[in-house]
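**Student:** Kindly generate the complete structure, drawing on both the sequences and the hints.
Each chain, written out:
Protein chains: 4
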Amino acid sequence: MMNRANTATLLLRCPDRKGLVAAVANLLARNGINIIDAQQHTDIDAGLFFHRVMFDMSGMTVSREDFLKQLEAECKTYEMDWKLSFGDRKKRVAIFVSKYEHCIYDLLLRHKVGELNCEIPLIVSNHEDLRYFADVFNIPYYVFPITRDNKREQEQKEIALLREHNIDVIVMARYMQVLSDEMIAEFPNQIINIHHSTLPAFKGAKPYHQAHERGVKLVGATAHYATADLDEGPIIAQGVEDSSHADTVDDLVRKGRDIERVTLANAVRAHLDDKIIVYGHRTIVF
Amino acid sequence: MMNRANTATLLLRCPDRKGLVAAVANLLARNGINIIDAQQHTDIDAGLFFHRVMFDMSGMTVSREDFLKQLEAECKTYEMDWKLSFGDRKKRVAIFVSKYEHCIYDLLLRHKVGELNCEIPLIVSNHEDLRYFADVFNIPYYVFPITRDNKREQEQKEIALLREHNIDVIVMARYMQVLSDEMIAEFPNQIINIHHSTLPAFKGAKPYHQAHERGVKLVGATAHYATADLDEGPIIAQGVEDSSHADTVDDLVRKGRDIERVTLANAVRAHLDDKIIVYGHRTIVF
Amino acid sequence: MMNRANTATLLLRCPDRKGLVAAVANLLARNGINIIDAQQHTDIDAGLFFHRVMFDMSGMTVSREDFLKQLEAECKTYEMDWKLSFGDRKKRVAIFVSKYEHCIYDLLLRHKVGELNCEIPLIVSNHEDLRYFADVFNIPYYVFPITRDNKREQEQKEIALLREHNIDVIVMARYMQVLSDEMIAEFPNQIINIHHSTLPAFKGAKPYHQAHERGVKLVGATAHYATADLDEGPIIAQGVEDSSHADTVDDLVRKGRDIERVTLANAVRAHLDDKIIVYGHRTIVF
Amino acid sequence: MMNRANTATLLLRCPDRKGLVAAVANLLARNGINIIDAQQHTDIDAGLFFHRVMFDMSGMTVSREDFLKQLEAECKTYEMDWKLSFGDRKKRVAIFVSKYEHCIYDLLLRHKVGELNCEIPLIVSNHEDLRYFADVFNIPYYVFPITRDNKREQEQKEIALLREHNIDVIVMARYMQVLSDEMIAEFPNQIINIHHSTLPAFKGAKPYHQAHERGVKLVGATAHYATADLDEGPIIAQGVEDSSHADTVDDLVRKGRDIERVTLANAVRAHLDDKIIVYGHRTIVF
Numbered sequence: 001m002m003n004r005a006n007t008a009t010l011l012l013r014c015p016d017r018k019g020l021v022a023a024v025a026n027l028l029a030r031n032g033i034n035i036i037d038a039q040q041h042t043d044i045d046a047g048l049f050f051h052r053v054m055f056d057m058s059g060m061t062v063s064r065e066d067f068l069k070q071l072e073a074e075c076k077t078y079e080m081d082w083k084l085s086f087g088d089r090k091k092r093v094a095i096f097v098s099k100y101e102h103c104i105y106d107l108l109l110r111h112k113v114g115e116l117n118c119e120i121p122l123i124v125s126n127h128e129d130l131r132y133f134a135d136v137f138n139i140p141y142y143v144f145p146i147t148r149d150n151k152r153e154q155e156q157k158e159i160a161l162l163r164e165h166n167i168d169v170i171v172m173a174r175y176m177q178v179l180s181d182e183m184i185a186e187f188p189n190q191i192i193n194i195h196h197s198t199l200p201a202f203k204g205a206k207p208y209h210q211a212h213e214r215g216v217k218l219v220g221a222t223a224h225y226a227t228a229d230l231d232e233g234p235i236i237a238q239g240v241e242d243s244s245h246a247d248t249v250d251d252l253v254r255k256g257r258d259i260e261r262v263t264l265a266n267a268v269r270a271h272l273d274d275k276i277i278v279y280g281h282r283t284i285v286f
Numbered sequence: 001m002m003n004r005a006n007t008a009t010l011l012l013r014c015p016d017r018k019g020l021v022a023a024v025a026n027l028l029a030r031n032g033i034n035i036i037d038a039q040q041h042t043d044i045d046a047g048l049f050f051h052r053v054m055f056d057m058s059g060m061t062v063s064r065e066d067f068l069k070q071l072e073a074e075c076k077t078y079e080m081d082w083k084l085s086f087g088d089r090k091k092r093v094a095i096f097v098s099k100y101e102h103c104i105y106d107l108l109l110r111h112k113v114g115e116l117n118c119e120i121p122l123i124v125s126n127h128e129d130l131r132y133f134a135d136v137f138n139i140p141y142y143v144f145p146i147t148r149d150n151k152r153e154q155e156q157k158e159i160a161l162l163r164e165h166n167i168d169v170i171v172m173a174r175y176m177q178v179l180s181d182e183m184i185a186e187f188p189n190q191i192i193n194i195h196h197s198t199l200p201a202f203k204g205a206k207p208y209h210q211a212h213e214r215g216v217k218l219v220g221a222t223a224h225y226a227t228a229d230l231d232e233g234p235i236i237a238q239g240v241e242d243s244s245h246a247d248t249v250d251d252l253v254r255k256g257r258d259i260e261r262v263t264l265a266n267a268v269r270a271h272l273d274d275k276i277i278v279y280g281h282r283t284i285v286f
Numbered sequence: 001m002m003n004r005a006n007t008a009t010l011l012l013r014c015p016d017r018k019g020l021v022a023a024v025a026n027l028l029a030r031n032g033i034n035i036i037d038a039q040q041h042t043d044i045d046a047g048l049f050f051h052r053v054m055f056d057m058s059g060m061t062v063s064r065e066d067f068l069k070q071l072e073a074e075c076k077t078y079e080m081d082w083k084l085s086f087g088d089r090k091k092r093v094a095i096f097v098s099k100y101e102h103c104i105y106d107l108l109l110r111h112k113v114g115e116l117n118c119e120i121p122l123i124v125s126n127h128e129d130l131r132y133f134a135d136v137f138n139i140p141y142y143v144f145p146i147t148r149d150n151k152r153e154q155e156q157k158e159i160a161l162l163r164e165h166n167i168d169v170i171v172m173a174r175y176m177q178v179l180s181d182e183m184i185a186e187f188p189n190q191i192i193n194i195h196h197s198t199l200p201a202f203k204g205a206k207p208y209h210q211a212h213e214r215g216v217k218l219v220g221a222t223a224h225y226a227t228a229d230l231d232e233g234p235i236i237a238q239g240v241e242d243s244s245h246a247d248t249v250d251d252l253v254r255k256g257r258d259i260e261r262v263t264l265a266n267a268v269r270a271h272l273d274d275k276i277i278v279y280g281h282r283t284i285v286f
Numbered sequence: 001m002m003n004r005a006n007t008a009t010l011l012l013r014c015p016d017r018k019g020l021v022a023a024v025a026n027l028l029a030r031n032g033i034n035i036i037d038a039q040q041h042t043d044i045d046a047g048l049f050f051h052r053v054m055f056d057m058s059g060m061t062v063s064r065e066d067f068l069k070q071l072e073a074e075c076k077t078y079e080m081d082w083k084l085s086f087g088d089r090k091k092r093v094a095i096f097v098s099k100y101e102h103c104i105y106d107l108l109l110r111h112k113v114g115e116l117n118c119e120i121p122l123i124v125s126n127h128e129d130l131r132y133f134a135d136v137f138n139i140p141y142y143v144f145p146i147t148r149d150n151k152r153e154q155e156q157k158e159i160a161l162l163r164e165h166n167i168d169v170i171v172m173a174r175y176m177q178v179l180s181d182e183m184i185a186e187f188p189n190q191i192i193n194i195h196h197s198t199l200p201a202f203k204g205a206k207p208y209h210q211a212h213e214r215g216v217k218l219v220g221a222t223a224h225y226a227t228a229d230l231d232e233g234p235i236i237a238q239g240v241e242d243s244s245h246a247d248t249v250d251d252l253v254r255k256g257r258d259i260e261r262v263t264l265a266n267a268v269r270a271h272l273d274d275k276i277i278v279y280g281h282r283t284i285v286f
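Residue numbers (the numbering used here), protein chains in the order written: chain A, 1 to 286; chain B, 1 to 286; chain C, 1 to 286; chain D, 1 to 286.
No lab work stands behind these hints: they were computed from the structure.
The model shown is predicted, which means the values in this text are computed figures rather than measured ones.
A few of these clues could be false.
All copies of an identical chain are treated as equivalent in the list; a pair is satisfied when it fits inside any one copy or across any two copies.
[Unchecked claim] Derived DSS-like pairs: lysine-lysine, alpha-carbon spacing no greater than 27 Å straight-line:
id: 1; residue 1: Lys157; residue 2: Lys255
id: 2; residue 1: Lys76; residue 2: Lys203
id: 3; residue 1: Lys206; residue 2: Lys112
id: 4; residue 1: Lys151; residue 2: Lys69
id: 5; residue 1: Lys157; residue 2: Lys90
id: 6; residue 1: Lys90; residue 2: Lys255
id: 7; residue 1: Lys91; residue 2: Lys255
id: 8; residue 1: Lys91; residue 2: Lys275
id: 9; residue 1: Lys90; residue 2: Lys18
id: 10; residue 1: Lys18; residue 2: Lys83
id: 11; residue 1: Lys112; residue 2: Lys99
id: 12; residue 1: Lys76; residue 2: Lys151
id: 13; residue 1: Lys90; residue 2: Lys69
id: 14; residue 1: Lys76; residue 2: Lys255
id: 15; residue 1: Lys275; residue 2: Lys18
id: 16; residue 1: Lys151; residue 2: Lys275
id: 17; residue 1: Lys69; residue 2: Lys18
**Tutor:** Have a look at this one:
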């Protein structure tokens with residue numbers, strides 16, 4: 001099988017024009033690099049081109065530095081926004097939790113069995129409740145109790161901690177605090193949240209109660225990037241399940257737990273595998 | 001197999017108390033009637049009991065009139081709202097269409113192969129376009145062109161036509177006119193509409209464009225009873241399908257067509273089989 | 001809300017005839033018992049009637065002993081096979097595991113958050129690997145290493161242990177040993193297994209490899225009661241997810257994990273809530 | 001929007017090696033051709049590379065003949081199997097039917113509303129029953145009654161008819177005759193069949209009866225290319241829906257109809273849009 005450590009993934013966005021795929025493919029081919037996987041998308045109305053290329057560098061005939069220089073030159077020529085991730089540098093994830101267990105259980109199980117290609121150097125919470133579960137995996141668990149008065153101060157400490165540990169991604173695994181705009185600005189398109197209902201329906205509090213009142217026949221969940229505009233961040237993944245009059249609010253909450261953790265995990269895996277390009281209020285998930 | 005003509009279906013709603021199931025079961029048993037199927041639901045918070053009983057009258061030892069008298073007496077005792085439908089009296093359905101074909105194709109196919117237990121004595125439209133398809137099945141097709149000025153007058157004619165033909169159910173198979181409150185009041189909980197999106201999200205016009213703009217990862221449809229409060233009628237059925245950035249608006253519309261017709265058909269079949277009790281803004285669909 | 005401790009659930013099977021629902025409903029009503037929920041099913045071809053009644057005994061006017069005597073008499077009259085479960089007596093579950101984590105993580109999470117109405121007095125394994133996870137919840141973890149030579153002997157010890165702890169249900173949470181016919185005979189329709197593929201397709205070993213070879217566009221899982229005829233036990237629940245050529249065997253295994261744990265949990269919950277009647281090679285899951 | 005008439009789609013298969021994407025991209029770029037969409041897949045174990053490229057030729061700087069020569073040369077160099085389809089040459093589809101309506105209704109509706117990019121010059125049947133529906137769309141309807149004795153002879157006539165009308169694709173829309181190996185050999189990977197159950201389960205006759213007997217909780221359908229080995233052709237698409245003990249065989253058949261027509265349509269659309277590469281007993285559906 002392929003050795004992931006020799007791979008890299010390139011994400012690109014640029015004005016659409018002829019020869020873009022050729023330019024990238026030639027850059028790789030002339031340096032002895034083999035394309036493993038590639039996807040592309042064109043937004044015809046906006047005149048934009050999006051590209052994801054995963055490649056194997058085991059036969060690369062130049063140094064990484066040389067390759068990067070060539071890549072930069074190419075991207076400048078074509079006005080490309082780009083991001084390159086090397087397979088031997090795992091992303092570092094901080095999980096934020098409050099008291100609900102289901103999402104963190106799920107993420108740590110998936111990490112343990114190898115589904116999530118990342119390191120999890122720390123867990124942050126505003127409550128002590130889930131420390132026992134972090135302990136099972138020997139992951140440091142930091143508690144920052146939040147009150148109306150200390151919120152800004154505590155967030156500053158959290159940001160410092162995250163910076164100290166070189167955190168790339170924050171996963172809000174049912175973390176029940178609204179992040180400040182400042183926090184979100186520190187990690188643009190790096191904070192993944194799970195909303196316990198299908199957006200744009202049932203925004204705000206107690207969505208399962210709202211769903212029950214309205215007698216809906218489906219319940220769902222939405223994973224999205226956190227933005228300053230709450231519940232309006234770019235949607236990454238959504239899930240849904242049937243419901244009926246026979247479902248109590250408890251049943252809806254139970255179904256919600258199942259959908260939330262799977263949907264959140266799908267979003268996190270897509271992010272870790274460099275499959276997402278954010279684009280206006282939308283995402284492309286290759 | 002069971003002969004449907006000998007069956008009847010009873011729908012009940014009443015304050016919850018002990019002995020309700022026994023009262024109904026005894027009424028049936030003492031008259032030689034066999035229960036084929038039964039469902040019940042209790043809304044504990046509201047203190048309400050809901051019951052559906054389908055039974056076989058082939059061994060009934062009294063006349064229908066006698067049985068109805070006994071039923072009325074029983075229902076009075078327990079403050080039951082009730083509705084009884086006999087299997088030898090098929091519901092009479094009017095389909096309303098405009099120009100979109102997919103829902104009417106679907107309904108007429110299902111009717112032809114025996115999925116829908118009803119008669120379809122007529123189709124009403126505000127356009128000539130789909131007459132050719134009504135002709136395939138020899139169903140009379142009435143056209144009432146609607147303008148801003150003649151709407152009330154045309155609706156009066158429609159109501160008269162529907163009354164003349166003893167119509168029980170109106171199915172709005174992508175009929176692109178908003179019905180007046182008067183029309184809706186004439187057929188309470190008898191008009192089934194399909195909304196081309198999952199309510200409560202994306203109410204109003206062009207929901208697939210809205211969905212595309214928002215970059216949702218699911219598209220859906222909702223069948224509901226028409227009420228004066230547009231898009232807020234009791235939901236009967238919902239359907240959903242995955243979508244992605246690769247879907248154009250046309251793709252979403254195509255997926256929508258598939259979901260709309262199946263969801264509408266599910267709602268219509270539930271109504272025809274007397275499986276629905278409307279209850280506040282909600283439905284119970286047994 | 002309803003206090004579960006005052007409830008009981010009755011499961012019935014008998015030859016179909018008139019008056020069965022009335023007989024049960026009268027028995028309950030005359031003893032001051034309120035029906036909370038009820039379902040029924042008739043197999044017309046086989047002439048069999050199936051019934052599930054959940055009721056609230058908080059207003060019961062007789063002792064449990066008296067009620068049981070009356071119930072026995074009634075069941076004798078109508079040739080009913082019956083099973084009664086009291087809500088104040090939780091079922092006792094033993095989980096069997098080997099080395100895969102995903103199903104046991106899932107079951108213990110669900111138990112912790114209150115989804116599974118049972119006690120879990122012990123976990124049995126043929127390996128030490130998952131002891132760490134049982135320890136999180138302080139559940140005794142017994143290891144019986146199985147070899148070709150000691151299998152019968154070890155199973156005898158397991159049966160003794162299960163009997164000693166009054167175990168009602170065995171959940172094979174990816175337990176990788178085939179149980180002997182003797183073991184299965186000890187716990188008829190009380191052992192729930194998860195098969196990592198949709199039966200009847202891809203029986204036997206390595207179903208995800210088989211699915212990959214065949215290029216299927218769906219993968220799934222089946223929860224069923226263990227019977228002497230391996231992979232042929234009555235199916236309780238099934239789940240499925242889309243797949244494509246882009247899925248490696250690892251991807252199929254990952255998708256399988258998600259489906260397996262949800263499907264197993266659905267089956268276990270149905271069993272614990274007394275919703276299942278086994279019937280030939282089939283189940284009725286109310 | 002893009003004018004489909006100026007597009008073409010290239011499907012490729014070849015031994016995996018470096019520079020393949022670059023070779024194709026360069027060929028297109030140097031002739032003024034813009035890539036609209038592209039997908040690729042590598043089977044690492046088999047050392048094979050698969051590629052689909054859809055491109056816009058409106059700015060092509062050479063003639064089609066010149067371009068084809070260059071393409072042939074390139075494909076020879078890289079040992080590529082290839083197929084090129086021009087957007088201004090619609091595929092010509094023959095639909096084969098017997099007596100069931102649901103699949104042909106569905107296909108003709110989809111064709112009418114523009115979902116299927118093809119011409120349908122004729123319908124072939126072994127029965128007169130569905131002529132009325134072909135007439136709605138003015139599609140010639142040819143009947144070849146099949147008996148044990150005349151089968152070979154009738155198939156010869158069918159093949160002649162199909163050849164005469166330059167048919168590219170045969171869609172078996174619940175055509176209830178087994179095609180001869182000769183017929184299949186005439187149209188390799190061009191005959192799409194719908195099997196009314198998820199393969200590999202429930203092969204053979206009456207799959208819904210088999211499913212009912214076995215008490216499965218899911219029913220499905222499989223669309224595949226017809227091969228000499230019946231029910232073993234490469235799978236293109238599959239669909240599935242929940243079922244339960246409450247479903248009669250009629251209910252399963254009804255659910256089957258819904259799944260069959262959607263699954264068949266998905267397979268046909270993928271074929272018409274040149275999204276499928278057959279590969280051993282498998283398909284890649286980009």
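**Student:** Would you mind marking each hint as holding or not holding in the structure?
**Tutor:** Hints, one by one, checked against the model:
1. Lys157 / Lys255: neither (35 Å within a copy, 38 Å between copies)
2. Lys76 / Lys203: Neither way: lysine 76 and lysine 203 sit 41 Å apart in one copy and 43 Å across, limit 27 Å.
3. Lys206 / Lys112: between (32 Å within a copy, 22 Å between copies)
4. Lys151 / Lys69: neither (43 Å within a copy, 64 Å between copies)
5. Lys157 / Lys90: within (24 Å within a copy, 46 Å between copies)
6. Lys90 / Lys255: Cα proximity of lysine 90 and lysine 255: across copies only (23 Å, versus 32 Å in one copy).
7. Lys91 / Lys255: between (30 Å within a copy, 23 Å between copies)
8. Lys91 / Lys275: within (13 Å within a copy, 34 Å between copies)
9. Lys90 / Lys18: between (34 Å within a copy, 26 Å between copies)
10. Lys18 / Lys83: both (21 Å within a copy, 23 Å between copies)
11. Lys112 / Lys99: So lysine 112 and lysine 99 pass the 27 Å test inside a copy (21 Å) and across (13 Å) alike.
12. Lys76 / Lys151: neither (42 Å within a copy, 61 Å between copies)
13. Lys90 / Lys69: Cα proximity of lysine 90 and lysine 69: one copy only (22 Å, versus 46 Å across).
14. Lys76 / Lys255: neither (48 Å within a copy, 39 Å between copies)
15. Lys275 / Lys18: both (23 Å within a copy, 23 Å between copies)
16. Lys151 / Lys275: Neither. Shortest intra-copy (33 Å) and inter-copy (48 Å) distances fail the 27 Å Cα cut-off.
17. Lys69 / Lys18: both (23 Å within a copy, 21 Å between copies)
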